[in-house]
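> What follows is the residue order along each chain.
Protein chains: 2
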Amino acid sequence: MTTKTVKIGICGLGTVGQGVIALLAEGGEVLSHRVGGSIELAHVATRTPRPEVDTMGAKDSRDVFAVAHDPDVEVLIELIGGTTVAKDLVIEALNHGKHVVTANKALLADYGEELFALAEERGVVLRFEAAVAGGIPVIEAVKTSLAGNHVTSVAGIINGTGNFILTEMAAKGREFSDVLAEAQALGYAEADPTFDVDGTDAAQKLVLLASLAFGARIDAGAPYKQGVDSVAPADIDYARELGYRIKHLGIAKREADALQLRVHPTLIPEAKAIAQVDGVLNAVMINASGVGELLLVGPGAGSRPTASAVMADVISVARSLAANEQPDIHSMGVSVNTLSQPAITDISEVSSAWYLRLDAEDKPGVMAAITQCLSHHGIGIESLIQKPESAALAKVPVILLTDEAPTRAIEQAIAEIEALPSVGGPVTCLRVENF
Amino acid sequence: MTTKTVKIGICGLGTVGQGVIALLAEGGEVLSHRVGGSIELAHVATRTPRPEVDTMGAKDSRDVFAVAHDPDVEVLIELIGGTTVAKDLVIEALNHGKHVVTANKALLADYGEELFALAEERGVVLRFEAAVAGGIPVIEAVKTSLAGNHVTSVAGIINGTGNFILTEMAAKGREFSDVLAEAQALGYAEADPTFDVDGTDAAQKLVLLASLAFGARIDAGAPYKQGVDSVAPADIDYARELGYRIKHLGIAKREADALQLRVHPTLIPEAKAIAQVDGVLNAVMINASGVGELLLVGPGAGSRPTASAVMADVISVARSLAANEQPDIHSMGVSVNTLSQPAITDISEVSSAWYLRLDAEDKPGVMAAITQCLSHHGIGIESLIQKPESAALAKVPVILLTDEAPTRAIEQAIAEIEALPSVGGPVTCLRVENF
Numbered sequence: 039m040t041t042k043t044v045k046i047g048i049c050g051l052g053t054v055g056q057g058v059i060a061l062l063a064e065g066g067e068v069l070s071h072r073v074g075g076s077i078e079l080a081h082v083a084t085r086t087p088r089p090e091v092d093t094m095g096a097k098d099s100r101d102v103f104a105v106a107h108d109p110d111v112e113v114l115i116e117l118i119g120g121t122t123v124a125k126d127l128v129i130e131a132l133n134h135g136k137h138v139v140t141a142n143k144a145l146l147a148d149y150g151e152e153l154f155a156l157a158e159e160r161g162v163v164l165r166f167e168a169a170v171a172g173g174i175p176v177i178e179a180v181k182t183s184l185a186g187n188h189v190t191s192v193a194g195i196i197n198g199t200g201n202f203i204l205t206e207m208a209a210k211g212r213e214f215s216d217v218l219a220e221a222q223a224l225g226y227a228e229a230d231p232t233f234d235v236d237g238t239d240a241a242q243k244l245v246l247l248a249s250l251a252f253g254a255r256i257d258a259g260a261p262y263k264q265g266v267d268s269v270a271p272a273d274i275d276y277a278r279e280l281g282y283r284i285k286h287l288g289i290a291k292r293e294a295d296a297l298q299l300r301v302h303p304t305l306i307p308e309a310k311a312i313a314q315v316d317g318v319l320n321a322v323m324i325n326a327s328g329v330g331e332l333l334l335v336g337p338g339a340g341s342r343p344t345a346s347a348v349m350a351d352v353i354s355v356a357r358s359l360a361a362n363e364q365p366d367i368h369s370m371g372v373s374v375n376t377l378s379q380p381a382i383t384d385i386s387e388v389s390s391a392w393y394l395r396l397d398a399e400d401k402p403g404v405m406a407a408i409t410q411c412l413s414h415h416g417i418g419i420e421s422l423i424q425k426p427e428s429a430a431l432a433k434v435p436v437i438l439l440t441d442e443a444p445t446r447a448i449e450q451a452i453a454e455i456e457a458l459p460s461v462g463g464p465v466t467c468l469r470v471e472n473f
Numbered sequence: 039m040t041t042k043t044v045k046i047g048i049c050g051l052g053t054v055g056q057g058v059i060a061l062l063a064e065g066g067e068v069l070s071h072r073v074g075g076s077i078e079l080a081h082v083a084t085r086t087p088r089p090e091v092d093t094m095g096a097k098d099s100r101d102v103f104a105v106a107h108d109p110d111v112e113v114l115i116e117l118i119g120g121t122t123v124a125k126d127l128v129i130e131a132l133n134h135g136k137h138v139v140t141a142n143k144a145l146l147a148d149y150g151e152e153l154f155a156l157a158e159e160r161g162v163v164l165r166f167e168a169a170v171a172g173g174i175p176v177i178e179a180v181k182t183s184l185a186g187n188h189v190t191s192v193a194g195i196i197n198g199t200g201n202f203i204l205t206e207m208a209a210k211g212r213e214f215s216d217v218l219a220e221a222q223a224l225g226y227a228e229a230d231p232t233f234d235v236d237g238t239d240a241a242q243k244l245v246l247l248a249s250l251a252f253g254a255r256i257d258a259g260a261p262y263k264q265g266v267d268s269v270a271p272a273d274i275d276y277a278r279e280l281g282y283r284i285k286h287l288g289i290a291k292r293e294a295d296a297l298q299l300r301v302h303p304t305l306i307p308e309a310k311a312i313a314q315v316d317g318v319l320n321a322v323m324i325n326a327s328g329v330g331e332l333l334l335v336g337p338g339a340g341s342r343p344t345a346s347a348v349m350a351d352v353i354s355v356a357r358s359l360a361a362n363e364q365p366d367i368h369s370m371g372v373s374v375n376t377l378s379q380p381a382i383t384d385i386s387e388v389s390s391a392w393y394l395r396l397d398a399e400d401k402p403g404v405m406a407a408i409t410q411c412l413s414h415h416g417i418g419i420e421s422l423i424q425k426p427e428s429a430a431l432a433k434v435p436v437i438l439l440t441d442e443a444p445t446r447a448i449e450q451a452i453a454e455i456e457a458l459p460s461v462g463g464p465v466t467c468l469r470v471e472n473f
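Protein chains in written order, with my numbering: chain Z, 39 to 473; chain F, 39 to 473.
So that you can see chain Z by itself, here it is in the shape it has in the complex (with noise of 0.2 Å):
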């Protein structure tokens, strides 16, 4: 019996290759049982050399479409980055009838219904499963394990440079601004750290689990997104005395004819699992009809994390290959025509609870006045703390939490409490979810 061979090529050798190249090195006999076969890396291209890089002999080209254009390349993994050169790679390549896997979440968020249709009419592959999460497998479990269930929620964090920066302001007290720093001279943060920041890469992320998760068309832009930067350390605080914690999460809520998406800072009950999730690890939260909820938890980043994932899927594809069948061809385990384009609930009719932190005179009926403000729009208090009064403040914090309300609600009757004469500055407001 003669086993197949299914060769590889790879475009792009930073982190995510490397820890691809390092995998299949350490694969060995295990490996090739796994695929029914083996993999061969046939090519690699970077942009500039990378001598450092032990390629297996591959052939290795300074184009990258030299990769896609390579008639041995059965398989092409695309690990360049960006959303020009990489789309016109990744249109090359399943032009060429090759299979493609990508990390690439932000090519996929804004441009996935194109490649995906065009990879199910070349009849070809386009994977994604390293693009969101990393090295947790949640593209197929939401793909595949939970097939036989309606989800009805996605809730994760989903960028590890956010929750590193949350919980060092937890752990130390210390400012957004120096623990960005931080973050930056420890590598866990980009040089313009804009996208993990404002939330735009957990947005792509976010529609990526949603298309998938409701078997949706969603754009890019969809996502409502509040920054991490939005967080103090007192509200890290004050959160915790009320038995929160708070995680910058994407959440994805199915209502009956439209999709909730929002990407903000949340306050979570400490007791639920994912609150407990710190540092650069990622976590995301399903609930489904069947299962219920299920909680996946792993490193969201890095070279063999990432890479873990990428092998996921060549192996996936390999092992069809290499069998002599067809691999399946659909990103969205559906074909992407039975995709439906459900509504996306404005973010200003979106229900949730809240947490609101304001400074105010510590003097009779100011506590009256807030109150009000809130409760002229149907809005009930959960719970209030306020601070003692201290000689050196004029005003003393108070932290509210709310019953449930929506945004609009909550924005109108912060913008009444601002105006009273007794509240000093502005009222910073979070959204609490008690799942």
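Read the hints as simulated data drawn from the structure, not as lab findings.
Which bits of chain F does chain Z cover? Going by a derived footprint, with three or more residues having C-beta under 8 Å, they are:
| id | segment |
| --- | --- |
| 1 | 65-79 |
| 2 | 164-177 |
| 3 | 183-193 |
| 4 | 321-334 |
| 5 | 346-356 |
| 6 | 366-379 |
Simulated crosslink set (DSSO-like; lysine-lysine; CA at most 27 Å straight-line):
| id | chain 1 | residue 1 | chain 2 | residue 2 |
| --- | --- | --- | --- | --- |
| 7 | F | Lys310 | Z | Lys310 |
| 8 | F | Lys210 | Z | Lys310 |
| 9 | F | Lys433 | F | Lys401 |
| 10 | Z | Lys125 | Z | Lys97 |
| 11 | Z | Lys210 | Z | Lys425 |
| 12 | F | Lys310 | Z | Lys210 |
What you are looking at is a predicted structure, and each value in this text was computed from that prediction instead of being measured.
We put the CB at the ideal spot given by N, CA and C, even for glycine.
Following the hints, position chain F against chain Z.
Only chain F this time, still in chain Z's reference frame:
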């Protein structure tokens, strides 16, 4: 374009079978899109009639073998449990060219190798996501998502009854037997709870998980077992005082030339997320060469969660059949011919840190005598609690956490400690895993 209908049969309409029918009925158009065709319940069989269950117009037999012989049925779901009739049924179904999905961990722990080999020989699948950790997709994770890794260890809370009992003991300071009775009344424990209590149920699941994770043939009797009934409320309290939680874990670890397989109560540092998994939930922590550490948490039993796992397997097969592709027939992710047969490390050689609890006279020299028994055997002490003298007690509790030492060494040290005149009664001894 005509879409294919995949016909399935269910043997056993207990709680899981009814869950499967519920998820099928709820699946609707989305399920058809995921399958790329439709699933039809063609035949059900139960020993006694179940008129209360709506079987969607399926044929209804009293003889489960009628399903295995039904030429209409392509996929047989075995939910009758046990290892006698179920074994014959699965063999008969495989021999008749049916794909089989089962939730039967006892059957596969005892006869998996034979049945998986038969499935491969007949060119059909034998899938079992529901057999381990209920709704948590841990089989798929290990088999597919971690295929690019070498797994180094698996540690799981894989018996919900045991976890419920420990959680209740911890929350209310109640005795084991008392909580067990309540668990039986609530339906969380079987009328005969032997297999939940003594670790047999967890050991069966561990054998399946470890077989997959390590590509190994493992005998059902291989794991060392210590029951959850070896934990007293006092141990839970003292563990907490030391910063630990006690969980009943199934643990499999790869050593250089052998495997460790063991099921026992375990002290885990409270900061580890798995230490916080309470109630009837299950959790599986996997360490692997690429991804590092993954944790999966969810419901380990129950009608709909277990049905969710069964449906994942059914849909996976149906999707291939609907596309006229051959489903992947390798139940273990590799051909059974390639499974290794590693040695199992004798429990006496397994090292871990240890928790010891004993009663000793509170007088000079006693602690020195105890610590000397440990140091005789090369065992260092990590921390020690001596409870204050009480007028009511001739002896006081002493709690020790040791450094890592083999089971043999700690047992010898304990025998010496128990022989000290100043120590009363047996020494309680539990393993500590710092992970």
